[in-house]
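**Student:** Listed below are the residues making up each chain.
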Amino acid sequence: MAQPSLVLTNTRKSNQAAPPDGVGGGAAAVVETELYAADQKIYPRAVSGWFAAWRWALVWATQLAFYGGAWLTWNDRQAILFDIVDRKFFIFGLVFWPQDIIYLAVLLIIAALSLFLFTAVAGRLWCGYACPQTVYTEIFMWLERVIEGDRLRRMKLDRGGLSARKIGLKAAKHAAWIALALWTGFTFVGYVTPIRELWGEVMTLSTGPWETFWVLFYGFATYGNAGWMREQVCIYMCPYARFQSAMFDRDTLIITYDRERGEPRGGRARRADAAALGLGHCVDCDICVQVCPTGIDIRDGLQYQCIGCAACVDGCDHVMDKMGYPRGLIRYSTQNAMEQRLTGTQMMAHMFRARVLVYTGIVWAVIIATAIGLYARVPLKVDVIRDRAAIAREVEGGQIENIYRLQIMNTAETRRVFDIHVEGPPSLQVASEARVELDATASRMVPVRVRLAPGAAQPGTHRIEFVVSAVGVEGVAVREKSVFIVR
Amino acid sequence: MSQFTSAFWDVYVGLISIISIIACAVFLKVQSVRKTAEADTSGHVWDEDLTEYNNPLPRWWAWLFYITIAFSLGYLVLYPGLGSYGGTLGWTQLGQLEEETQAANSRFGPVYEKFAAQDVATLAKAPEALAIGQKLFLNHCSQCHASDGRGSRGFPNLADKDWLWGGTPEAIKTSITDGRAGVMPPLGAAVGGDEGATNVAHYVLKLAGRTHEGLRAVNGESKFKTVCAACHGPEGSGNPQLGAPNLTDDIWLHGGGQSAIIETILKGRSSQMPAHKDILSPAKIHLLTAYVHSLSRGGAPPGK
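Chains as they are written, first to last, in the numbering used here: chain A, 3 to 489; chain B, 66 to 369.
Take these hints with a grain of salt, some might be off.
Unchecked claim - Derived SDA-like pairs (lysine to any residue); straight-line CA-CA distance at most 20 Å:
#	chain 1	residue 1	chain 2	residue 2
1	B	Lys200	A	Glu34
2	B	Lys200	A	Ser434
3	B	Lys200	A	Val33
4	B	Lys332	B	Lys349
5	B	Lys288	B	Asn311
6	B	Lys100	A	Ala39
7	B	Lys94	A	Leu106
8	B	Lys200	A	Ser445
9	B	Lys226	A	Val386
10	B	Lys100	A	Ser445
11	B	Lys100	A	Glu34
12	B	Lys100	B	Leu129
13	B	Lys200	A	Tyr38
Unchecked claim - Far from chain A by the CB rule (all over 10 Å, computed), these chain B residues:
#	residue
14	Phe92
15	Leu307
16	Thr313
17	His341
If you are wondering where the hints come from, they were derived from the structure by calculation, not from laboratory data. Small disclaimer: the values here were computed from a predicted structure and weren't measured. Glycine is no exception: its CB is placed at the ideal position from the N, C-alpha and C atoms.
Chain A on its own, in the form it takes in the complex (with noise of 0.2 Å):
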């Protein structure tokens, strides 16, 4: 049998016992294999560290943000709301309608090119530090220590028969669970509600039928991703981690266990001399195993499963300390910088490479676009569609009348007036009420009657353009184009 490729090897370790080796073993005897199994619960010990602080300076960063952003008010109205029924999103001072779809769009660009533009850079950076599965696993498993106690703890809590204690700590810690997700899906919810109406709804047990649901719904995947499905989320079921993977390349900076420095590996005691037993500095401690929260074990190389949080980092750079050894045996280095036995300083110039420098460009001129589109963008929008059954109309003294439709879209959440000018042959003017008055973000279908002097113009259709400008408001205009036919 040829040697498998390292993706495809199997180095999942549990953390209970190690799996059982190869049941047959004999020749040409026949094996079933299951190809499904139940799934191993794992431990991840506690770690602290410098990355450790940065993965919950993130947690803070996000979570503050998300639980705390719906109740901020902003014009005398949520600051941050999708509503979704009148089809308009409010985020600060600034309204999308439908039509702004093209900044959804843009959004979603911007995160995928920073997504290949991280990634490139330190691989699974997102996946490690900020994206809300490993956030609220964070949150939960530090519930979870808290009421039933770490790794070792928790192993035996669960080994153990039922005890009055065992219910009670995994009632207190469901029930916390429980809370959380709830408030989570709560505040789901009261991004599309607004937030203070669906309190008093919660309170009073009116919600609607579908933020019911919602809430439960959001609640309980968070409940069920963070709780109990943890890293299978990351492992059977993201998509990004797999395409992360494609986008590593030789000198991108991902979790490494130095083998060269580290093995041989092996037990010691504190002041032994690691040289006079012909050791490497690994002491075979598995702490890097204990925490990891993909149950890996990070000195079988990269793997699939590797989340890239530097869990076994900040757990080995402890035990180095202690051993009085450098740290870094395990650390953030590329596979480069591994091979040439580059100096950081180098590897970090390998950073600069082709690949990282266009992914930042376009990251920043797309991000520097829509900033411009954005701070020019026009409170107004207006839609013509020409009445298709009145193609040209001759009405008193020979004039030539067409008839519009304008849908005009106040998105200021101030009420304005328009003028509505038009702009073609010459003598060419709108024939009905010429100014409208709109509310607040509200929209309002004119029909417009555009006339033309006999003679003015010859048969045909001819290109105009319709120009809507609030009154009094300097720059708020919008120009579309149409036609007129004369016949």
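Chain A is fixed; fit chain B onto it per the hints.
**Tutor:** What follows is chain B alone, placed relative to chain A:
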């Protein structure tokens, strides 16, 4: 399910569905375990000797598949899906449409009911009622009468003071509810061929105050009084009972040029306003009436 010409196809489709679902379950069960020569490999071999370690999926993953199978069987029991079997819930597309229409009616009904109690003249001045009326107009009427209600050739202008069938609220409501058929018969023979038609046309031009040839108009007058007056009246002032237009006001439904008038006399005209009683509820027709009524009673149209 009447689209099948024979019951055979019901059975055929139903059997294929059931056999496919059962086959999925069997296949899933069989494929969950592999017999291999070596432990911990998937049994797949590529390029003669490249094998693959078995990385088993969690068992809940397989359960998801079984759940979809159970779901599909449950669905086929509850909803139509097996041939002509209608499902125990008795769901139909038409039923859902009726249910949703009813829900919409009970939701928006009160809005219309409020207006149905007021008379048209009051509503024609109420901006809220007119806004709804305009939306109804743009949806149901503007295709012919144009978005501003001023029509086009063959479709009357609703914003002037000239009414073919009368401009009272009652008359407008009848026009919308039951529709109207305006028929002008071909009268070439009755007026004396092309020559007679031309003379009558000039008389009609004279009635409207347009430029005309005096002699022809005099010659056409007698024909008009014997033939056309039956509907348009001896003075040519029309008859709203028949939808016969007033010919003296220089407002033209089918064109006011000489050739257009001659064509009208020789070939006749036929206009049809469709009935809306099966399309719109009385309350909606009431609001539409108010909107149409307001079109000709608003201030002088701008731009005049």
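**Student:** Are the Cα positions of Lys200/B and Tyr38/A separated by 20 Å at most?
**Tutor:** 60 Å, violated
**Student:** Is the Cα-Cα distance between Lys226/B and Val386/A 20 Å or less?
**Tutor:** Violated - the C-alpha atoms of Val386/A and Lys226/B are around 29 Å apart, more than 20 Å.
**Student:** Lys100/B and Glu34/A were given as a pair; does the straight-line alpha-carbon distance stay at or below 20 Å?
**Tutor:** 5 Å, holds
**Student:** Hint check: Lys200/B vs Ser445/A, CA-CA at most 20 Å. Holds or violated?
**Tutor:** At roughly 13 Å apart (the allowed maximum being 20 Å), Ser445/A and Lys200/B satisfy the hint.
**Student:** Has the given pair, Lys288/B with Asn311/B, been kept, meaning a C-alpha gap of at most 20 Å?
**Tutor:** 17 Å, holds
**Student:** The output says Phe92/B does not contact chain A. Does that hold with a beta carbon cutoff of 10 Å?
**Tutor:** At roughly 13 Å from the nearest Cβ of chain A, Phe92/B sits farther out than 10 Å, so the non-interface label holds.
**Student:** So Thr313/B supposedly isn't at the interface. Is its beta-carbon more than 10 Å from every beta-carbon in chain A?
**Tutor:** 16 Å, holds
**Student:** Within a Cα-Cα threshold of 20 Å, do Lys200/B and Val33/A meet the stated pairing?
**Tutor:** 74 Å, violated
**Student:** Hinted pair, alpha-carbon criterion (20 Å max): Lys200/B, Glu34/A. Please report holds or violated.
**Tutor:** Roughly 70 Å separates the two Cα atoms, so the pair is violated.
**Student:** Per the stated criterion, does the least C-beta distance between His341/B and chain A lie above 10 Å, as a non-interface residue requires?
**Tutor:** 17 Å, holds
**Student:** CA of Lys200/B to CA of Ser434/A, is that 20 Å or under?
**Tutor:** Measuring from Cα to Cα gives roughly 18 Å; hence the hint holds.
**Student:** Take the C-alpha atoms of Lys94/B and Leu106/A, compute the straight-line distance between them, and say whether it is at most 20 Å.
**Tutor:** Roughly 43 Å separates the two Cα atoms, so the pair is violated.
This entry does not satisfy hints 1, 3, 4, 7, 9, 10, 12, 13, going by the numbered hints stated previously.
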